[in-house]
Amino acid sequence: MSDFFLSPVGLQHWLVVSTALFSIGIYGLLTRRNAVGILMAVELLLNSTSLNFVIFNKFATPSAVDGQIMSIFIIAVAAAEVVVGMAIFVTLFKHRKTVDVTSMNLLKN
Amino acid sequence: MDNFVSDILFYVFAAFSISLAMLVVTTRRILRAAVYLMCVLGASAAFFILLGAEFLAGVQILVYIGGIVVLLVFAVMLTRSVDLLEERPTLVRKAIGGLAALSFFGTTALILTSTTFPVLRGGPLPPNNTAALGKKLLDYGSEGFVLPFEIISLLLLTAVIGGIVIARKTSVEKGGN
Numbered sequence: 001m002s003d004f005f006l007s008p009v010g011l012q013h014w015l016v017v018s019t020a021l022f023s024i025g026i027y028g029l030l031t032r033r034n035a036v037g038i039l040m041a042v043e044l045l046l047n048s049t050s051l052n053f054v055i056f057n058k059f060a061t062p063s064a065v066d067g068q069i070m071s072i073f074i075i076a077v078a079a080a081e082v083v084v085g086m087a088i089f090v091t092l093f094k095h096r097k098t099v100d101v102t103s104m105n106l107l108k109n
Numbered sequence: 001m002d003n004f005v006s007d008i009l010f011y012v013f014a015a016f017s018i019s020l021a022m023l024v025v026t027t028r029r030i031l032r033a034a035v036y037l038m039c040v041l042g043a044s045a046a047f048f049i050l051l052g053a054e055f056l057a058g059v060q061i062l063v064y065i066g067g068i069v070v071l072l073v074f075a076v077m078l079t080r081s082v083d084l085l086e087e088r089p090t091l092v093r094k095a096i097g098g099l100a101a102l103s104f105f106g107t108t109a110l111i112l113t114s115t116t117f118p119v120l121r122g123g124p125l126p127p128n129n130t131a132a133l134g135k136k137l138l139d140y141g142s143e144g145f146v147l148p149f150e151i152i153s154l155l156l157l158t159a160v161i162g163g164i165v166i167a168r169k170t171s172v173e174k175g176g177n
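Line by line, the protein sequences give chains S and V.
Position 99 of the first sequence, counting from 1, maps to 99 under my numbering, and the rest follow consecutively.
Position 100 of the second sequence, counting from 1, maps to 100 under my numbering, and the rest follow consecutively.
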């Protein structure tokens, strides 16, 4: 473990940081009750994924930019996802006066 | 010397973004979570610069910080989540979430640190990052990405129309104009 911190920053260090961000996002996804908070956790997940693509682009195929292109696509998909998510939550709030996901059990039973 | 500076910057930004990401998922005030998320995404833009992807850092700031976070703040305001403190998650919920996150982190970090990844296509970084990206994105040869590019534009259009249709006033009578 100590030589992990002493060695110069390489692929593994970057990957551990992006994994940490991803697992924090998973924690938020599972513990948040406000739907907008869940959307923020999803943003964390998507952001760490696009970071991962750029990391592998830098260290595995440094002469090409394919990973960065994937990252651009992820950013575009994240934007689309937030637009639709926000529209759904605003409509949901208009109808039910809450965005608490634990009270959204209309399809239960 | 140059490597040393970038290593220090890496550790500083890593600590910054991980601690703020933890605040994003644990703070009880949702608007503060949005501000912390903005800082995390800014740190990610710094990561992109450290990784030599300047264009992506610009896109990150423009789209994520300028667009997505603002949209999230709008969502917070429109759903009146500002005035209410979120309830603390129950212990069971916390335990399940923490267990899932920690086990994912442990397994993945262990696998990643014990694997050596081969360099598939070595060589120097392309000198002009933005030009290389643009050429790749609009190249319709076997290595290009013009079809995903078009599909993404279609997806964005669909999302915009869908967002308007879902969130517009629903009191319009059926069959009425």
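Worth flagging that the hints you see were computed from the coordinates, not collected in a lab.
Do not rely on the hints blindly, as some may be mistaken.
Unchecked claim - Result set (DMTMM-like, lysine to aspartate or glutamate): computed pairs, CA atoms no more than 25 Å apart in a straight line:
no.: 1; chain 1: V; residue 1: K136; chain 2: V; residue 2: E150
no.: 2; chain 1: S; residue 1: K97; chain 2: V; residue 2: D2
no.: 3; chain 1: V; residue 1: K169; chain 2: S; residue 2: D3
no.: 4; chain 1: S; residue 1: K94; chain 2: V; residue 2: E150
no.: 5; chain 1: V; residue 1: K94; chain 2: S; residue 2: D66
no.: 6; chain 1: V; residue 1: K135; chain 2: S; residue 2: D66
no.: 7; chain 1: S; residue 1: K58; chain 2: V; residue 2: D2
no.: 8; chain 1: S; residue 1: K94; chain 2: V; residue 2: D139
no.: 9; chain 1: S; residue 1: K94; chain 2: S; residue 2: E81
no.: 10; chain 1: S; residue 1: K108; chain 2: V; residue 2: D83
no.: 11; chain 1: S; residue 1: K97; chain 2: V; residue 2: E150
no.: 12; chain 1: S; residue 1: K97; chain 2: V; residue 2: E87
no.: 13; chain 1: S; residue 1: K58; chain 2: V; residue 2: D139
Hinted pair V/K169 and S/D3, Cα distance within 25 Å: violated (60 Å)
Restraint status (C-alpha distance of S/K94 to V/D139 at most 25 Å): Since the Cα atoms of S/K94 and V/D139 sit roughly 45 Å apart, the hinted pair is violated (cutoff 25 Å).
Proposed proximity, S/E81 with S/K94 (alpha carbon, max 25 Å): holds (20 Å)
Restraint check for S/K97 with V/E87, where alpha carbons must lie at most 25 Å apart: holds (17 Å)
Pairwise hint evaluation, V/E150 against S/K97, where the allowed Cα distance is 25 Å at most: violated (38 Å)
Distance restraint between V/K136 and V/E150, which requires alpha-carbon spacing of 25 Å or less: holds (13 Å)
Given hint V/E150 paired with S/K94 - CA-CA distance at most 25 Å: Not OK: S/K94 and V/E150 at ~35 Å, beyond 25 Å, violated.
Satisfaction of hint between S/D66 and V/K94, Cα-Cα up to 25 Å: violated (38 Å)
Hinted pair S/K58 and V/D139, Cα distance within 25 Å: holds (21 Å)
Pair hint S/K108 and V/D83, alpha-carbon separation not exceeding 25 Å: violated (29 Å)
Agreement of S/K97 and V/D2 with the hint, judged by alpha carbon distance not exceeding 25 Å: violated (55 Å)
S/K58 paired with V/D2 [C-alpha distance capped at 25 Å]: holds (17 Å)
The structure is inconsistent with the numbered hints 2, 3, 4, 5, 8, 10, 11, although it conforms to all the rest.
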